[in-house]
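*Asks:* Spelled out from the first residue to the last, the chains are:
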Amino acid sequence: MVSEFEYLISKDTDGYRRRLVILFAVAAVFFLMLLMRLFYLQIIQGHEYARLSENNCIRLQSIPPHRGLIYDRHGALLVDNRPAYDLLIVPGDVGNMEEVLGRLAVLSDIPVSEFQERLERERGPGYRAVLLRQDLDRDAVGLISARRYDLPGVRIEARPRRQYMYPGLAAHLIGYLGEVSPAELQRPENKDLRGGDFIGKTGVERVYDAVLRGERGGRQVEVNVRGQVIRILHTVPAKPGGSLYLALDRDLQSHTESLMEGRVGAVVALDPTNGQVLAMVSSPSFDQNLFARGIRTDEWRSLAQNPHRPMENKAIQGLYPPASTYKMISAIAALEEGVVDSETRFFCSGSLRFGDRNFRCWRRTGHGNLNLREALERSCDVYFYHVAQRLGVDRLAWYARAAGFGRRTGVDLDHEEAGLVPTAGWKRRRTGVSWQAGETLSVIIGQGYNLATCMQAAVMTAALGNGGILFRPQVALEIRKTGGEVMRPFTPEVTGRLPVSPENLELVRLSMRDVVHAAQGTARGIRTSEFDMGGKTGTAQVLSRRTDEEESSSRPGFEPHAWFVAFAPYDDPRIAVAVIVEHGEGGARVAAPIAAEVMRSYLVGSGEK
Amino acid sequence: MFDRRLITHFDWGLLVLTLILAAMGLGILYSAVNAGGNTSQEGLLLRQLLWFAIGGGLMSLSMLVNYKRFDQWGLVIYAGCILLLIAVMVFGRYGGGARRWLLLGPISIQPSELMKIAICIVLARYFAKNFMGEGLGFKELIQPFVLILIPFLLIVQQPDLGTALLLFVIGGSLTLFVGLKRSTFWGLLAAAMAAVPMVWFFLKDYQKNRILTFLDPGRDPLGTGYHIIQSKIAIGSGQLFGKGFLGGTQNALDFLPEQHTDFILSVLAEEWGFVGCSVLLVLYLLFLAWSLSVAYRCRDSFGTFLVVGITAMNFWHIFINMGMVMGLLPVVGVPLPMVSYGGSSVVTTLLGVGILLNISMRRFLSD
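Chains A and B are the protein sequences, given in the same order.
Position 539 of the first sequence, counting from 1, maps to 538 under numbering that gives the first Met the number 0, and the rest follow consecutively.
Position 171 of the second sequence, counting from 1, maps to 170 under numbering that gives the first Met the number 0, and the rest follow consecutively.
The shape of chain A in the complex, shown without the other chains:
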């Protein structure tokens, strides 16, 4: 053991011992400096510091930042801030708490119990201000300010509050603010926030919160025994947040909302040249101002229990079978894979026997002998049943995915649904049962397992309109600084291309034109002389349409959903629209007129303004 460590034995013990002494001397000198500093602070300056420490004279008051405003694409103000007054109390300054709270209750006409509850819940260290009441009404502000000498420790603080200029307008897209939650406070990006601060909870208020929020400022102040400011020592001004300009057109949005009044469903209108979201409606809507001022339990309950789910953004969260609007994808897949060409004809007798089942066409008397263009124009199901047998589900799925189905569109909003494009492999993984050939017949007409959002339908329609480019839909146009300088300009983002040759795309587009403008088109009722358009109706079965089942659609609550997708003007589209009306029954009768009016109002201007 001894020899093992022999190499460690020092040869210069004396030299090290001298250095150890020096080392200690150095440490002692450093400590002496600390001692002198203590002497200076505690003995020489002690009196002054003792005075400042009484009643904790030096305090910080926060200056809330001005949250960025939200405008539409033309600069119309959609979301503003208004001054609001909060009632705060600093328990350490109050003295007789019961007496002060009693006086406050009388002056503000708010029961003492509410104050006590708040105080109990929020109470921290004695000199931290507790928020007693948000958004005090003006009479109370006046009365309390006038009596402030009887109310030690009480403070009224002006703080901007969010105001949504058109209650309910684009409520899902704009979103609302709420008090920051403990979980949100934990996140690194929120380290400047404190309990009681407001933060975007949904919509662009949430997605662009970091931009809109701005930066908190503050004031270092000296207060007297009553907690009143006698001197401002330092001020750091708050930095206002940037303004958000939406791609939204306010007039189009509000007109579209009025068209959806009384209906349940969604509308999305895109600019097909760049993916800008011109309008996005989810009906029914809600009033965001309820959240801005702090929603009451009964108000929340009535929203949460509404069977039509007003809080859900149906445009990106509502999942529906795309129904016949899917037939454009089916047609492209069939043409590109060469299973049919423009001349291929099938006979529709009103139904098709496949296996031991009878697959019906929506038109029970049948369409007779038709080609692909006529099949799209008249939305013949039997034609596509024939196509399905030749194409198979997996090849169809590949084209559907390429057209943006089964994945999120990437719109700059939270909680978007991806929908579902079924394949044989998916079904085996999911259910353990292998794919049945008959199921392809349902899928090819957009029924079966297919699920899509209104936004996906709009993105596909825009691509059909613009020559095949899929854009990421964007609700935000620009972010500007307070001075108007653009911080982030709009840049379109291409997410894919329809896998289709120009000739085949042209055939599908002509068919969509026929849907509206040809004699037997399913949406010929919305034809207008003002502009040409291409469209497609859809009627989504809520219960699957089986062989011999009687029309299930007659039962209330099970009526089919009505779809319509369209772009216009036909030659050079400037708007693409998708409309879904839950239980609207007929795509042509209910959804198509809404889409037509949305496009008319955007392209021609609505007459009623």
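Everything labelled a hint here was simulated from the structure, so no lab data went into it.
Be aware that one or more of the hints could be misleading.
Stated by the list, open to error - Coverage of chain A stretches by chain B, computed from C-beta distances (three or more under 8 Å per stretch; other residues unrestricted):
| hint | segment |
| --- | --- |
| 1 | 15-21 |
| 2 | 40-49 |
To be verified - The calculated BS3-like cross-link candidates involving lysine-lysine, where the alpha carbons are at most 27 Å apart (straight line), are:
| hint | chain 1 | residue 1 | chain 2 | residue 2 |
| --- | --- | --- | --- | --- |
| 3 | B | Lys138 | B | Lys128 |
| 4 | A | Lys200 | A | Lys480 |
| 5 | A | Lys190 | A | Lys200 |
| 6 | B | Lys180 | B | Lys138 |
| 7 | A | Lys190 | A | Lys238 |
| 8 | A | Lys238 | B | Lys203 |
| 9 | A | Lys200 | A | Lys238 |
| 10 | A | Lys238 | A | Lys480 |
| 11 | B | Lys128 | B | Lys180 |
| 12 | A | Lys190 | B | Lys207 |
| 13 | A | Lys238 | B | Lys207 |
| 14 | A | Lys190 | B | Lys203 |
| 15 | A | Lys480 | B | Lys203 |
| 16 | A | Lys480 | A | Lys190 |
Glycine included, every Cβ here is placed at the ideal spot set by N, Cα and C.
Chain B: place on chain A using the hints.
*Replies:* Same frame as chain A, now just chain B:
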């Protein structure tokens, strides 16, 4: 194989000093967490006690093995700490904008604290093996430099510049003790002065702000500037005898998120005044002197260097922490040994004491 001399030579004085400091630390912490009748942080005291128990256990364990084994295990210990730092980078927990902690079940540890001990061991090993008496030249400093640079970079990216720089300060102190050639010393000094502008370039904005705020506290009156002012008010208002145990009022303002960690000295200063602070300073100085006396009596260079490294670590912790709380030094987030709340700091300090006791009681074995 057990030698009775291990017991007869046990350094009771160092242990008793450590216990006194620990008791004082717990007393101050008790006051800090019970500020203003606010009992929500009561659990911190129990956790700290638990940490002292864990640290005490590790301290005892570290005494069982002959410290000369650490020389052989040095690189393994070092590599283990590096792995922990990498783990922090990958799995670490975020807190206050940085990733410094590793969650191990119910507890979280800060591997950068343990790294300080590991650095002391590998450097002592390197210097003991390679040099005896002669001054160190540039070439001999390359390996120690790299040994410090690796953990330095891992800690800087957390980001925790204060702790990272401390590695260099501790390593530098030990290097100076071992001795430099005159030319090397001046060369290094010139290099360090040239490096300052470079380092400035790589600092994060908040780190630059901290330094600028230190030079001019008015720059950030809502953040660091406010902390320093409140800390100075707390210390100054303690005057000669303080406001008495639990009598602090600044403390009750909750002005600092770190009042029970890095800024805990202000609690002692407010409640026990100049007298209390002087007692703590004297106890610390005694603790350091006793530590150095272990090196004084140690016969081998590895033990001597190890003691000097650990003592340098404790000294800089004490000096930098007190200096920053009194407004003499920038706010860099260095704990006050045995007093600040924080498991990793307590464990590191006690492990260090364990190694000192180990060296002290084996001082006759290598004859």
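*Asks:* Now look at each hint and say whether the structure bears it out.
*Replies:* Verification of the hints:
1. Proximity of the segment 15-21 of chain A to chain B, defined as three or more residues with a beta carbon under 8 Å from a beta carbon of that chain, is established by the 4 residues found.
2. A stretch counts as covered by a chain when three or more of its residues have a beta carbon under 8 Å from one of that chain; for the segment 40-49 of chain A and chain B the count is 9, and the coverage holds.
3. Distance restraint check for Lys138 of chain B and Lys128 of chain B: the Cα-Cα separation of roughly 15 Å lies within the 27 Å cut-off, and the hinted pair is therefore satisfied.
4. For the suggested pair Lys200 of chain A and Lys480 of chain A, the alpha carbons sit about 22 Å apart, so the restraint of at most 27 Å is met.
5. Taking the CA atoms of Lys190 of chain A and Lys200 of chain A, the gap is about 17 Å. The hint holds against a cut of 27 Å.
6. Distance restraint check for Lys180 of chain B and Lys138 of chain B: the Cα-Cα separation of roughly 11 Å lies within the 27 Å cut-off, and the hinted pair is therefore satisfied.
7. A C-alpha spacing of about 16 Å is found between Lys190 of chain A and Lys238 of chain A, which places the hinted pair at or below 27 Å, so the restraint holds.
8. The hinted pair formed by Lys238 of chain A and Lys203 of chain B meets the criterion: a straight-line CA distance of about 21 Å does not exceed 27 Å.
9. With a C-alpha separation of about 21 Å, the suggested pairing of Lys200 of chain A with Lys238 of chain A holds against the 27 Å cut-off.
10. In summary, the hint linking Lys238 of chain A to Lys480 of chain A is supported, as the alpha carbons are separated by about 11 Å, within the 27 Å threshold.
11. At most 27 Å may separate the alpha-carbon atoms for a hinted pair to count; Lys128 of chain B and Lys180 of chain B meet this at roughly 18 Å.
12. For the suggested pair Lys190 of chain A and Lys207 of chain B, the alpha carbons sit about 19 Å apart, so the restraint of at most 27 Å is met.
13. For the hint linking Lys238 of chain A to Lys207 of chain B, the alpha-carbon distance of about 20 Å falls within 27 Å, and the restraint holds.
14. Pair hint Lys190 of chain A plus Lys203 of chain B holds up; C-alpha atoms about 17 Å apart against a cutoff of 27 Å.
15. Between Lys480 of chain A and Lys203 of chain B the CA atoms are separated by roughly 25 Å; this keeps the pair inside 27 Å, and the hint holds.
16. Distance restraint check for Lys480 of chain A and Lys190 of chain A: the Cα-Cα separation of roughly 23 Å lies within the 27 Å cut-off, and the hinted pair is therefore satisfied.
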